[in-house]
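Student: For reference, the chains in residue letters:
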Amino acid sequence: DGGITQSPKYLFRKEGQNVTLSCEQNLNHDAMYWYRQDPGQGLRLIYYSQIVNDFQKGDIAEGYSVSREKKESFPLTVTSAQKNPTAFYLCASSGGEADTQYFGPGTRLTVL
Amino acid sequence: GDSVTQMEGPVTLSEEAFLTINCTYTATGYPSLFWYVQYPGEGLQLLLKATKADDKGSNKGFEATYRKETTSFHLEKGSVQVSDSAVYFCALSEWGATNKLIFGTGTLLAVQP
Chain A
27 DGGITQSPKY LFRKEGQNVT LSCEQNLNHD AMYWYRQDPG QGLRLIYYSQ IVNDFQKGDI
87 AEGYSVSREK KESFPLTVTS AQKNPTAFYL CASSGGEADT QYFGPGTRLT VL
Chain B
22 GDSVTQMEGP VTLSEEAFLT INCTYTATGY PSLFWYVQYP GEGLQLLLKA TKADDKGSNK
82 GFEATYRKET TSFHLEKGSV QVSDSAVYFC ALSEWGATNK LIFGTGTLLA VQP
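Heads up: the protein sequence lines correspond to chains A and B, in order. In case it helps, this note's numbering puts the first sequence at residues 27 to 138. In case it helps, this note's numbering puts the second sequence at residues 22 to 134.
Only chain A is shown next, with the shape it has when bound in the complex (with noise of 0.2 Å):
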């Protein structure tokens, strides 16, 4: 079955640490996003990759970080510096239609 898998559902970390949180898909999508959901609010883009080996900030980059060594892996990492890490974080990807983003199960992160 082709799709966007995240690991793992639940997360939670005590504050201070850095946490990884894994995306990956099967779809042979080039590009790859992660997006941070808060209650009652609609998603943000922290960054996203076009292409192997290159990625962007997008609106709310601070204090995060990402790599893409890999066409169907995109990990997030969520360092320190965040201020308020506590969310539901979504990896999508889009491919042949490039404007179409097709989402992943998610991870909940709590920070403790």
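Some clues are possibly wrong.
In silico DSS-like cross-links for lysine-lysine, where the CA-CA straight-line distance does not exceed 25 Å [claimed, not checked]:
1) A:K96 / A:K35
2) B:K98 / B:K73
3) A:K96 / B:K89
4) A:K83 / B:K73
5) A:K109 / A:K40
6) A:K109 / A:K83
7) A:K97 / A:K109
8) A:K97 / B:K121
9) B:K73 / B:K89
By construction, these hints were calculated from the structure, which means they are not laboratory data. Small disclaimer: the values here were computed from a predicted structure and weren't measured.
For chain A, the structure is supplied; the task is to place chain B on it using the hints.
Tutor: Then chain B, alone, in the frame of chain A:
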């Protein structure tokens, strides 16, 4: 910059009622428009899309028409079911190379039996 405004929820309906969720947008160029649906604790699923003016997107009984003259993309369904209860997001894809999605704040739909 580009933006999407959708009606605030929650929208509470009885089963088999008619549904409308309003969405208007502000954009430069010729964006594509989307409706996504999110069930509790899950990611977003693409519900339907339209890529140019007067296009109608449809899926699972839901419809939306790209109205450039009113900059709107309202979601409609003739007869809702309890299983349609979810949060619905209107979004546009920015015109140009980045294809960034701009989302509305979401509308919670609750359908009662």
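Student: Each hint should be assessed against the structure and marked as holding or not.
Tutor: Here's how the hints hold up against the structure:
1. A:K96 / A:K35: holds, 22 Å
2. B:K98 / B:K73: holds, 21 Å
3. A:K96 / B:K89: Violated. K96 (chain A) to K89 (chain B) sits at ~39 Å, over the 25 Å cutoff.
4. A:K83 / B:K73: Given pair K83 (chain A), K73 (chain B) is violated - Cα atoms ~28 Å apart, limit 25 Å.
5. A:K109 / A:K40: Holds, at roughly 13 Å.
6. A:K109 / A:K83: Satisfied, since the Cα-Cα distance of roughly 17 Å is no more than 25 Å.
7. A:K97 / A:K109: Answer violated: K97 (chain A) to K109 (chain A) is near 30 Å, above 25 Å.
8. A:K97 / B:K121: This hinted pair holds, its Cα atoms lying about 19 Å apart.
9. B:K73 / B:K89: holds, 8 Å
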